[in-house]
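> One letter stands for each residue in the lines below.
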Amino acid sequence: MTIDIQGISKRFGTYAALQDINLRVGAGELVALLGPSGSGKTTLLRIIAGLETADSGTVLFEGEETLNRHPRDRRVGFVFQHYALFRHMTVFNNVAFGLQVRPRGQRPPKAEIAERVHRLLKLVQLDWLADRYPNQLSGGQRQRVALARALAIEPRVLLLDEPFGALDAKVRKELRRWLRHLHEEMGITSVFVTHDQEEALELADRVVVMSQGRIEQVGTPGTVYRTPSTGFVYEFLGDVNRVECRVESGQVLLEAGGTPLGGAADHAGPAILYVRPHDIELLPPDERLGAATVRLVHEVGPVTRAEVEYAGTLFEVVLPEGGRVPAQGELVRLSIRRGMLFPRERDPGEPPRPFLPFRSGGPTPAVNLGPHTAGMG
Amino acid sequence: MAVEASLDTAQDAGRLPARPAPRPPARPATGERPAIRLALTGIALAFLVVFLFLPLVAVFAQALAGGWQTYLEALQEPDAQAAIRLTLLTAAIAVPLNCVFGICAAWCIARFEFTGKSLLTTLIDLPFSVSPVISGMVYVLLFGLHGLLGPWLREHDIQIVFALPGIVLATIFVTFPFVARELIPLMQEQGSEEEEAALVMGASGWQTFLWVTLPKIRWGLLYGVLLCNARAMGEFGAVAVVSGHIRGETTTMPLHVEILYNEYNMVAAFAVASLLALLALVTLTAKALLEWRYADELAATRRH
Chain A
1 MTIDIQGISK RFGTYAALQD INLRVGAGEL VALLGPSGSG KTTLLRIIAG
51 LETADSGTVL FEGEETLNRH PRDRRVGFVF QHYALFRHMT VFNNVAFGLQ
101 VRPRGQRPPK AEIAERVHRL LKLVQLDWLA DRYPNQLSGG QRQRVALARA
151 LAIEPRVLLL DEPFGALDAK VRKELRRWLR HLHEEMGITS VFVTHDQEEA
201 LELADRVVVM SQGRIEQVGT PGTVYRTPST GFVYEFLGDV NRVECRVESG
251 QVLLEAGGTP LGGAADHAGP AILYVRPHDI ELLPPDERLG AATVRLVHEV
301 GPVTRAEVEY AGTLFEVVLP EGGRVPAQGE LVRLSIRRGM LFPRERDPGE
351 PPRPFLPFRS GGPTPAVNLG PHTAGMG
Chain B
1 MAVEASLDTA QDAGRLPARP APRPPARPAT GERPAIRLAL TGIALAFLVV
51 FLFLPLVAVF AQALAGGWQT YLEALQEPDA QAAIRLTLLT AAIAVPLNCV
101 FGICAAWCIA RFEFTGKSLL TTLIDLPFSV SPVISGMVYV LLFGLHGLLG
151 PWLREHDIQI VFALPGIVLA TIFVTFPFVA RELIPLMQEQ GSEEEEAALV
201 MGASGWQTFL WVTLPKIRWG LLYGVLLCNA RAMGEFGAVA VVSGHIRGET
251 TTMPLHVEIL YNEYNMVAAF AVASLLALLA LVTLTAKALL EWRYADELAA
301 TRRH
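Chains A and B, in that order, are what the protein sequence lines are. Quick note: the first sequence uses the numbering used here, first residue 1, plus one each step. Quick note: the second sequence uses the numbering used here, first residue 1, plus one each step.
No wet-lab data here; the hints were simulated from the structure. Beta carbons are placed, not taken as given, at the ideal position from N, Cα and C, and that holds for glycine. Heads up, some of the hints might be wrong.
Footprint (simulated), chain A over chain B, 3 or more residues, beta carbon under 8 Å [to be verified]:
#1 211-217
#2 249-258
Ranges of calculated distance between the beta carbons of each label pair, as one might list FRET restraints [as the list claims (entries may be wrong)]:
#3 A:ASN22 - B:GLU113: 26 to 32 Å
#4 B:LYS117 - A:THR53: 18 to 24 Å
#5 B:VAL100 - A:ASP20: 56 to 62 Å
#6 B:ASP157 - A:ALA111: 27 to 33 Å
#7 B:PHE112 - A:ASN22: 57 to 63 Å
#8 A:ARG344 - B:GLU113: 39 to 45 Å
#9 B:GLU113 - A:ALA16: 15 to 21 Å
#10 B:PHE112 - A:GLN212: 26 to 32 Å
#11 A:GLU64 - B:THR115: 53 to 59 Å
#12 A:THR53 - B:LEU56: 32 to 38 Å
#13 A:ASN22 - B:ARG111: 44 to 50 Å
#14 A:THR223 - B:GLN188: 40 to 46 Å
#15 B:LEU119 - A:ARG102: 55 to 61 Å
One side of the interface only, derived from the structure: several residues of chain A facing chain B at Cβ under 7 Å [what the hints assert, rightly or not]:
#16 LEU51
#17 ARG69
#18 VAL76
#19 PHE78
#20 PHE86
#21 PHE92
#22 GLY98
#23 VAL101
#24 GLY105
#25 GLY140
#26 GLN141
#27 ILE153
#28 PRO357
#29 PHE358
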């Protein structure tokens with residue numbers, strides 16, 4: 001089942017929740033709608049399910065117009081953020097509900113319903129809880145019941161709204177892996193909404209990054225992480241240093257102070273440089289270049305992070321594992337190995353320019369270092 | 001270490017107040033001195049005894065003043081029997097209708113956004129804020145002989161005022177808010193995610209209501225119905241205006257009590273009154289029993 005979303009717009013009063021959304025979800029694909037709250041991702045999911053109406057645009061299931069069909073006829077499995085389990089029904093009855101409400105002619109016989117429900121509960125590994133009520137279950141178990149219930153109607157499309165949002169970190173990780181396997185097994189076209197970039201990158205075949213009712217970028221997890229097409233995606237996916245700078249005669253200079261950081265081709269004027277913390281290297285100080293000062297070193301599990309001040313600007317750096325950990329206050333040289341420049345004061349759709357690092361060992365001879373100590377404390 | 005130790009005692013203090021402590025156990029910060037506590041409890045108890053318990057006892061004492069025989073005779077008297085029947089009939093019509101209206105009103109207020117919603121919410125409270133006498137008067141003005149619809153009704157030989165329909169209408173008006181008031185906050189709090197889930201799974205509107213919404217609200221609904229019933233049987237003011245006080249025909253129990261009382265027939269008056277009081281007590285007991293029996297479920301579905 002493919003889903004074609006064409007030109008969907010939605011307003012709530014004066015607030016534009018979705019603006020001209022176009023997206024194609026391939027058959028059997030697992031797609032993540034990723035964005036901060038208010039980016040419109042849940043609204044889009046609800047429009048696909050028919051729980052919300054779009055102001056304009058269409059949604060096609062397998063090439064067939066769907067928006068004019070009642071949600072109950074769309075055969076969509078929907079997992080709600082807070083599960084929305086029927087609290088007065090046992091787990092068994094919750095899962096059986098979608099089959100029991102079918103019109104008499106299409107309703108499977110009782111024994112078949114029971115068999116199917118037990119098969120689904122086995123699939124989500126909860127067969128032994130069939131007689132419990134939802135409030136007797138843990139969060140992770142409720143989540144799985146909700147999933148079994150959504151699958152019971154043999155949906156053509158599975159939609160999940162923040163499926164792991166209400167779970168603690170450990171359960172979330174387990175369930176994520178489990179859902180990935182389940183999806184590979186069943187191959188149902190699935191769309192899930194999340195604000196957790198790690199979740200989206202780990203689980204999805206493709207990630208749709210959304211912001212303020214628009215799609216910022218669509219791509220595989222690797223693509224959106226490695227080559228973000230907008231500053232927003234850069235900032236939203238993973239940690240990043242955002243440095244205001246300007247480009248003059250092929251050189252990238254810090255906006256404050258004018259210290260050179262590297263080179264750039266094909267652009268001049270103000271820009272924003274995005275650099276991932278692990279794309280910065282700390283080298284022994286070099287007298288030709290201004291020294292940077294290690295302000296803070298902290299270990300978070302296996303990762304060691306450092307805050308390094310260079311020419312009055314703070315950079316977050318992730319130190320390579322097993323490498324030497326500098327001491328606080330130590331003088332080092334900051335080497336940016338990779339980065340991306342987004343021109344400011346330009347059309348936001350304009351593509352970013354690659355940042356060209358200095359050759360290892362020091363700046364290119366042509367670079368005029370100037371008063372590189374400016375701004376240093 | 002010192003920090004850990006003090007944390008431990010702080011946590012244990014709640015569970016084990018008897019644990020020997022180096023200093024005398026201080027009373028909780030919000031606690032009062034024993035004297036004040038006693039005084040407050042005393043005042044509350046005295047108030048309850050004088051204003052609630054004593055009158056109740058007085059009703060039953062007066063009713064039984066002439067002995068069981070007189071008590072039973074007073075209740076078996078035809079007019080009293082007619083009043084009892086009329087009261088039960090009125091409640092049997094008004095309560096189910098208000099149950100339906102209440103669910104409808106709560107449904108549209110809790111589930112939909114529309115202009116005039118706050119006005120509707122205010123209107124639902126109108127019967128509580130308006131004097132019952134006026135509620136009755138409204139119906140006389142509408143359906144009475146010289147009322148707005150009076151001539152038309154007379155032409156078609158329909159009697160509303162001074163008959164059962166009028167009494168039922170007045171009762172419905174007065175008891176309308178009970179079910180709606182009980183359900184609106186409940187339904188607002190519960191939201192409609194479960195209904196959406198049912199819808200996506202293919203349930204029709206009626207199936208969703210019957211199997212999802214109704215079970216969700218059943219305790220709130222039952223509360224509302226109990227309160228509504230108690231008031232429907234006990235309503236005096238509004239019914240007094242529209243009933244016309246035709247003995248044995250249009251007098252409900254409260255009206256019958258008043259008639260007997262005005263005739264200085266104390267024993268009979270209190271006998272009927274005691275029956276009303278008994279009905280109220282049964283209602284309250286039923287409510288308490290439900291709360292006790294289904295405490296867990298109530299706690300799970302609502303905060304009361």
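> If you test the structure against every hint from before, which numbers come out violated?
2, 5, 6, 7, 11, 12, 13, 15, 17, 21, 24, 25, 26, 28 and 29
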